[in-house]
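Enquirer: Residue-level listing of the chains:
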Amino acid sequence: MTTWVQRFDNPLSARIRDARNMAYAGIAFGVLAAFVAIPPIETRSIVWSILLGIVAVSLGIWAVTRGHRRVGWGAVASDILGIGLGILATKSGTGNLEAVFNSALIAQTFAFSTPLVFGAIAGMFSERSGVVNIGLEGMMLMGAFWGVWGADKGGSWVVGIVVGMLSGGILALIYAYFAIHLRADQIVGGTAVNFLALGITGYFFFQIYNGNYVPQGVSTIPNVRIPGIADMKFLGPAIGDLNLMIWISFILVIVAYFVLFKTPIGLRIRACGEHPRAADTVGINVYLVRYGCVVLSGLLAAAGGVYLSDGFGGGTFTDNMTEGRGFIALAAMIFGNWRPFGAFGAAVLFGFSSAVALRLQVYSASASTLFNVLPYVLTLIAVAGVIGRTVPPAADGKPYRKQ
Amino acid sequence: MTEPGPTATDSFASKLALKQRAGGLVVPLLTALLAFLIGGLVVLATGHNPFYAYHDIFDGAGLNWIFHPSTNIAHTAPYNLTQTLLQTTTLILTGLAVAFAFRCGMFNIGGQGQYFIGLYVANWVGYSFQGMSPVPHILLAVVAATLGGAAWAGIAGLLKATVGAHEVITTIMLNWIAIWIGEWLFGDGGPLQNAANKTVPISNDVAQSAKLPVFWGIQNLQGLDIGFFIGIGALFVFWAILNRTTLGFEVRAVGFNPEAAAYAGINVRRNLVRAMAISGAFAGLAGALDMLGYLYHFGVSDIPVSNVGFLGIAVALLGRNTAVGVGLSALLFGALLFGTTHGLSSNVIQPELAGNLTYMIQGLVVLFVGADLLILYVWNSRKKLRPKRTSTTTAGAPA
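Chains A and B, in that order, give the protein sequences.
Take the first sequence: its position 122, counting from 1, is numbered 122 in this note's numbering, and each next residue is one higher.
Take the second sequence: its position 204, counting from 1, is numbered 204 in this note's numbering, and each next residue is one higher.
I should point out that these hints are in silico values taken from the structure, not numbers from a laboratory.
Any given hint might turn out to be false.
Claimed, not checked - Chain A side only, calculated, beta carbon under 7 Å to chain B, not exhaustive:
| # | residue |
| --- | --- |
| 1 | Thr191 |
| 2 | Ser366 |
| 3 | Thr369 |
As the list claims (entries may be wrong) - Pairwise CB distance ranges, derived in the manner of DEER restraints:
| # | chain 1 | residue 1 | chain 2 | residue 2 | range |
| --- | --- | --- | --- | --- | --- |
| 4 | A | Gly217 | B | Ser301 | 22 to 32 Å |
| 5 | A | Tyr209 | B | Pro191 | 49 to 59 Å |
| 6 | B | Asn72 | A | Gly155 | 50 to 60 Å |
| 7 | A | Val224 | B | Ser301 | 32 to 42 Å |
For every residue, glycine included, the Cβ atom is placed at its ideal position computed from N, Cα and C.
Given only the sequences and the hints, what does the whole structure look like? Please build it.
Expert: Structure representation (structure tokens):
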């Protein structure tokens with residue numbers, strides 16, 4: 001095993017792993033992605049372009065997270081262009097490209113990324129205060145069911161959002177009690193939260209709606225139609241008619257950034273996550289901050305869930321509706337390095353891959369799968385390759401014992 | 001999460017060792033009882049009788065077989081029991097997958113993914129290598145699937161050992177990658193999709209020669225296959241590896257305290273990879289036994305429904321990561337799994353509700369088991385009670 005480490009640390013491999021070179025390699029792969037699809041090689045399957053493109057995009061993002069922003073983003077841009085051109089070339093005869101890549105894809109990307117943004121920001125608050133939150137999935141699921149239940153029984157989507165968020169908050173409170181006061185292993189506790197939410201939502205969904213669908217005509221979260229933009233040619237389908245929760249998610253990211261990095265409260269939160277003993281010494285109530293953050297985390301994750309059922313889903317619920325979105329949100333948070341804008345960027349990237357996957361389903365099932373699996377592969381690469389660059393808060397996951 | 005290699009002194013395994021001393025059999029029993037109690041309250045609150053519900057689940061799992069034992073599979077109780085034991089077999093192995101990593105101080109959430117990889121490999125070997133004679137075919141499929149599971153978990157172990165990537169994150173990601181691999185393999189136009197009928201996203205059936213012999217019941221009606229004995233055997237193997245081999249000693253040493261283990265000359269990194277791979281081997285074996293034992297094929301729609309890998313977490317935690325404990329709690333959850341779904345006659349509570357009750361009980365068990373203080377509190381209060389009792393007797397004796 002030591003030999004592997006030595007192999008990992010020798011000068012040649014260090015040079016290869018240099019981020020700048022990675023970015024250049026990324027650009028090269030992006031070019032290659034387009035190249036394989038045009039005449040000399042002219043592969044008729046779009047899988048190759050996409051495969052190369054995925055490698056290229058991940059290399060570019062790697063470079064960005066290493067601090068080589070300009071060349072890294074350049075690589076990402078060239079790669080996406082490369083994939084686009086590659087697909088364009090393979091599909092130009094049939095003209096399907098129009099159907100996959102159009103401005104409505106932007107709207108769909110945001111529709112897919114919004115639950116992830118809520119989840120990722122939720123997870124970020126919890127983990128910044130030092131409590132790992134594997135239970136995001138469960139909290140989101142609670143929001144999805146109780147949100148649509150609230151909208152149905154309360155008669156208004158506002159009630160739905162409030163009820164949904166509260167349900168996630170209550171589950172988070174239970175989790176917080178076990179994680180903070182009882183000093184339970186946080187991973188185990190979070191896993192328990194996911195099982196619990198699955199059971200509770202499934203049980204009451206069948207009990208209340210007798211296993212059928214939520215009745216038609218539930219009050220749903222409305223779209224925001226921006227008068228001038230909605231009828232414009234490109235911007236109209238892209239951002240002219242987005243759901244209210246999508247706009248709220250944008251605001252949330254900015255607010256989260258300011259709260260976390262520009263206010264005394266944010267400083268306290270981060271102190272609890274980095275060095276709780278020191279925070280305690282200067283008079284910060286570590287337990288209170290952690291309770292607050294975990295409950296906030298539950299509220300926000302559940303808000304993402306409400307959007308899923310009562311916004312994106314149009315007032316429906318199905319068993320296990322979140323289908324792992326909580327885990328993608330977790331991945332987005334890690335990929336974004338526990339930072340609001342990083343998490344947002346990762347969530348949008350993952351949302352984009354889900355949106356593309358959905359649209360490619362008709363043309364190529366295997367290409368669609370590639371886009372679906374992309375978030376997980378990228379995150380795996382990030383935690384593996386990033387080597388010390390994805391830095392979680394120092395006291396993340398460690399229960400604090402008051403003295 | 002950042003340190004290359006484990007340095008946490010307050011590792012899970014060391015805490016677990018403490019808990020193992022504290023409470024013995026009492027605490028797991030209390031935990032399970034409490035979970036069933038709360039589950040019963042939910043049942044009561046939604047207008048069903050919890051006693052009748054649990055009684056029905058008990059019968060649905062075929063546990064009433066002990067009151068009227070019979071081997072005739074046409075009767076309900078023996079049939080239900082065989083189904084429960086099929087689930088138990090799987091859960092023993094997925095439970096061991098979680099337990100083995102725990103003993104090395106790691107949390108293997110990836111049992112589900114490793115189980116899937118085992119399923120896929122077993123299906124591929126079972127279908128593609130037609131015309132082999134049964135014994136080598138079964139051996140080949142089982143060994144290949146076990147190695148597949150080991151390799152899948154080994155990725156997480158390797159990443160932890162080399163770059164210090166946290167195994168929880170990597171195994172979660174590997175789970176989802178395994179799920180999407182399945183969607184691709186069995187989906188429309190996938191490599192393992194049914195060769196005869198290209199319209200359904202279901203795999204081929206494994207060849208007759210790869211099917212495990214059934215010893216109780218009928219093969220086409222999900223009879224109990226010899227995989228059950230392999231599962232029981234795995235419990236012995238688990239115990240033997242941990243307690244009777246150098247490897248097991250090293251694994252446990254690393255689990256208790258990696259720094260001390262390293263100081264004693266144990267190669268911590270190598271043991272992390274080995275422990276994770278052995279973990280995955282158990283889960284992969286579970287996949288192989290399911291595929292060759294009674295599933296024979298697998299479809300895209302089966303993938304999101306399967307949760308035996310996650311149930312393994314509850315099994316391992318409730319069983320205190322010991323061979324006997326895992327065996328017993330696998331039986332409990334196996335009974336719950338079948339008794340609340342297919343086995344349940346819907347007189348008192350519908351299977352759809354009861355199935356979700358299983359998730360709730362599972363969640364509650366995991367929640368309670370994970371709480372150190374709760375367990376220590378119970379243990380300490382027991383200790384507090386004991387001297388009081390002796391003091392009253394000694395006080396009473398002279399008088």
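Enquirer: Now tell me, hint by hint, if it's right for this structure.
Expert: Taking the hints in turn, this is what the structure says about them:
1. Thr191: 6 Å, holds
2. Ser366: Nearest chain B Cβ about 6 Å off; hint holds.
3. Thr369: Holds. Min distance 4 Å.
4. A:Gly217 with B:Ser301: 22 to 32 Å: Given a distance of about 29 Å, which is inside 22 to 32 Å, the answer is holds.
5. A:Tyr209 with B:Pro191: 49 to 59 Å: Since the Cβ atoms of tyrosine 209 of chain A and proline 191 of chain B sit about 39 Å apart, the hinted range of 49 to 59 Å is violated.
6. B:Asn72 with A:Gly155: 50 to 60 Å: 57 Å, holds
7. A:Val224 with B:Ser301: 32 to 42 Å: Between valine 224 of chain A and serine 301 of chain B, where Cβ atoms are some 37 Å apart, the hint holds.
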